[in-house]
Amino acid sequence: MLRDPTSSGLLLAATLAALAAPGATQAQTDTTLYRAAVLRIDTPGPMPISRLSLPAADAGFAGGNLGTADNATTGAFMKQSFETESLAIAPDALASEMERLLGEGVQWFVVLGDSASVQQASDLAGERAMVFNATATDDALRGENCRANLLHIAPSDAMLSDALAQYLVWKRWSDWFLIEGSHPQDRALGAAYRRAADKFGARITTDRVFEDTGGARRTDSGHVQVQAQMPVFTQGAANHHVVVAADHSGVFADWLPYHTWDARPVTGSAGLKPVTWHPAHEAWGATQWQSRFEKLAGRQATPVDFQVWTALRVVGEAATRTKGGDFAALRDHILSPEFSLAAFKGQKLTFRDWDGQLRQPILLASDLVITSVSPQEEFLHQTSHLDTLGIDRQETTCKK
Amino acid sequence: MKLLTALAACTILGTAPAFADKIFVSNEKGNSITVLDAASLEVIHTITGMQRPRGITASPDGKVIYVCASDDNLVRVYDAATYEELPSLPSGPDPELFVLHPEGKKLFIANEDDNIVTVVDTETRQVLAEVPVGVEPEGMGVSPDGKIVVNTSETTNMAHLIDTETFEIVANVLVDSRPRFAEYTPDGKILFVTAEIGGTVSVIDTTSHEITQKVTFEVAGILPEALQPVGLRVTKDGKKAYVALGPANRVAVIDIASMAVTDYLLVGQRVWQLAFSPDGKFLYTTNGNSNDISVINTETDEVTVSVQVGEQPWGVVAVKS
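Residue numbers (my numbering), protein chains in the order written: chain A, 1 to 400; chain B, 1 to 321.
Simulated from the structure, these hints should not be mistaken for laboratory data. All C-beta atoms, glycine included, are put in the ideal place defined by N, C-alpha and C. Accuracy of the hints is not assured; some may be wrong.
Below, in silico cross-link-like pairs of lysine to any residue (SDA-like), each with a Cα-Cα straight-line distance of 20 Å or less [unchecked claim]: (1) K214/B - R321/A; (2) K147/B - D163/B; (3) K295/A - D72/B; (4) K236/B - M259/B; (5) K239/B - G221/B; (6) K214/B - P337/A; (7) K214/B - T322/A; (8) K239/B - L223/B; (9) K29/B - K400/A; (10) K79/A - K29/B; (11) K400/A - A116/A; (12) K147/B - A129/B; (13) K323/A - K214/B; (14) K295/A - A56/A; (15) K29/B - A280/A; (16) K79/A - D72/B; (17) K79/A - P132/B; (18) K79/A - N172/B.
Calculated from the model, a selection of chain B residues having no Cβ within reach of chain A, i.e. all distances over 10 Å [what the hints assert, rightly or not]: (19) L174; (20) R178; (21) G199; (22) K240; (23) A257.
Build the full structure now, drawing on both the sequences and the hints.
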């Protein structure tokens, strides 16, 4: 979930990134126009633990701008143009904004919000549009709450935890001290780590919940209290190789490294983190993407930027491959086994036909470098190596 | 007997053997170029003083070596005999691969960051043109008659055919995901374009600019996503094409008459680029993750030996000495 602490809940910004292909102006009639919208639902909430984690004003939108620009460059050779409207909205404005955009003919929506917002957007769109989930990691959204018009660019909790679990097991760090937050999304992530431990043969030797008792997360000289509290909170855990933190809400994980009672590495929501993207990622041509993004946005990219870029590139790639097809043609191509996307992950990315989840390698990033990339080679799969991450065909509870 | 005398003279003088060809390998991580004697396959020299060398090529007479020094944002130039550095060429930002026009005067450079192909005069060292192409230009090839230069754009997924006189794009051919390399047959009738993520080689008819066929690959025990075509070279007689398959650690052999894959040759790890020896009898492969090059005998299609070079070898070129 994206939280914008400065938001009063009103509409903050509306930017229109209309990057028409060269040639589109003089030959408007020959050009096929694809219209998308990036909807960021900003929920007021507490400040993050670190001011370095404050989202940029253009969080996600900048990735969308690059996606639209990349689509337009290719579109210039294909007589296609791409237009993307980026909107930061309050949760209660989602329905009215979507109706307006649907009325204007927008058929591709990228939604940045929690699973309830994504579900609402998907239901509003119905058969009129496709919705890309760019941020919600909730497995239920891919399971019992799945939708036929909904594709998940954001990795699921199961994918993220499997990616970390594979590496920890490969490293022979199989005994985990799991600490999960008290909010529902943290409990769900904790459950995903328990599932991953079972799946790959790790053991959770101690399991604790860190209660969010409210209050400010940043105070002047707050570290003084934390330095006393965190060691005590982590005292007396059974033998473990690593701490695994499940803290989507950002309440405590960043405080764990160097504060744990036992000298053990921290992984999960702090320390070694499973992510789709990181500014240090350079393999498979990623440096080119990073420099294009940084030139355009004037800052480093976040996973959310990459996920919005990916969503819009799915549309652009389908427009290219269908040679300017209409909405139905693009949608059918995206949902077909022929669809694939190159996205700087070393192999083609495709969608799972059972729940609409994008298959993708997950980076395991520490502060300044990419420590590893999962899936780890040693974990085999009968059809796709990438299906060792997340919910497989036979496990899905999605009935579209 | 004469040869023996010559060899003896070399030994006494302590210089490199005078008649052997040389192989130049760019080491992307090692920030160096390894020079090997092609006969003995011994490392005879290492050129240093560059940042992230990738694409590498030679002048038609084999006397000058050009290297894309990606993190220096220029093309570095070396004397192939003395290894002395010559004045650099402007390249535009982050040059990765380039192709030298057969006349040796125009260098066409792919600039990945700027979606352009930069054309540089190798004598005046001036930029002649900047041609806008698709997103992330990479692969560069030239037609045997020198009239067309091909650039592949990795995110746009096209081969852009550029007129080498007017610098205008004459055709755009949509290929599979992440096209990395373009190479013509010697008769100029066929253009091959590899697609790393798509896993295919597109066979393009150069008259109609249509894809007539896509060559696919299959190796028992290797997942399809690991079969990633990158470098491709066609033999001088136009009968065979060799395709480097990246993390599959194989070089595929294509029989051009039938377009059938006839063999998969096991080489080092993450094989990317390929170059023939000047006489065409050997093919050299750069294996980025095992820090070596493999040598393939093109008559028997056997991998005869592998030789350690610098860290993460990227490109390779061989010249007559």
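How the hints compare with the structure:
no. : hint            : verdict
1   : K214/B - R321/A : 15 Å, holds
2   : K147/B - D163/B : 6 Å, holds
3   : K295/A - D72/B  : 18 Å, holds
4   : K236/B - M259/B : 17 Å, holds
5   : K239/B - G221/B : 28 Å, violated
6   : K214/B - P337/A : 18 Å, holds
7   : K214/B - T322/A : 18 Å, holds
8   : K239/B - L223/B : 29 Å, violated
9   : K29/B - K400/A  : 48 Å, violated
10  : K79/A - K29/B   : 40 Å, violated
11  : K400/A - A116/A : 18 Å, holds
12  : K147/B - A129/B : 16 Å, holds
13  : K323/A - K214/B : 18 Å, holds
14  : K295/A - A56/A  : 16 Å, holds
15  : K29/B - A280/A  : 16 Å, holds
16  : K79/A - D72/B   : 36 Å, violated
17  : K79/A - P132/B  : 16 Å, holds
18  : K79/A - N172/B  : 12 Å, holds
19  : L174            : 7 Å, violated
20  : R178            : 4 Å, violated
21  : G199            : 8 Å, violated
22  : K240            : 28 Å, holds
23  : A257            : 29 Å, holds
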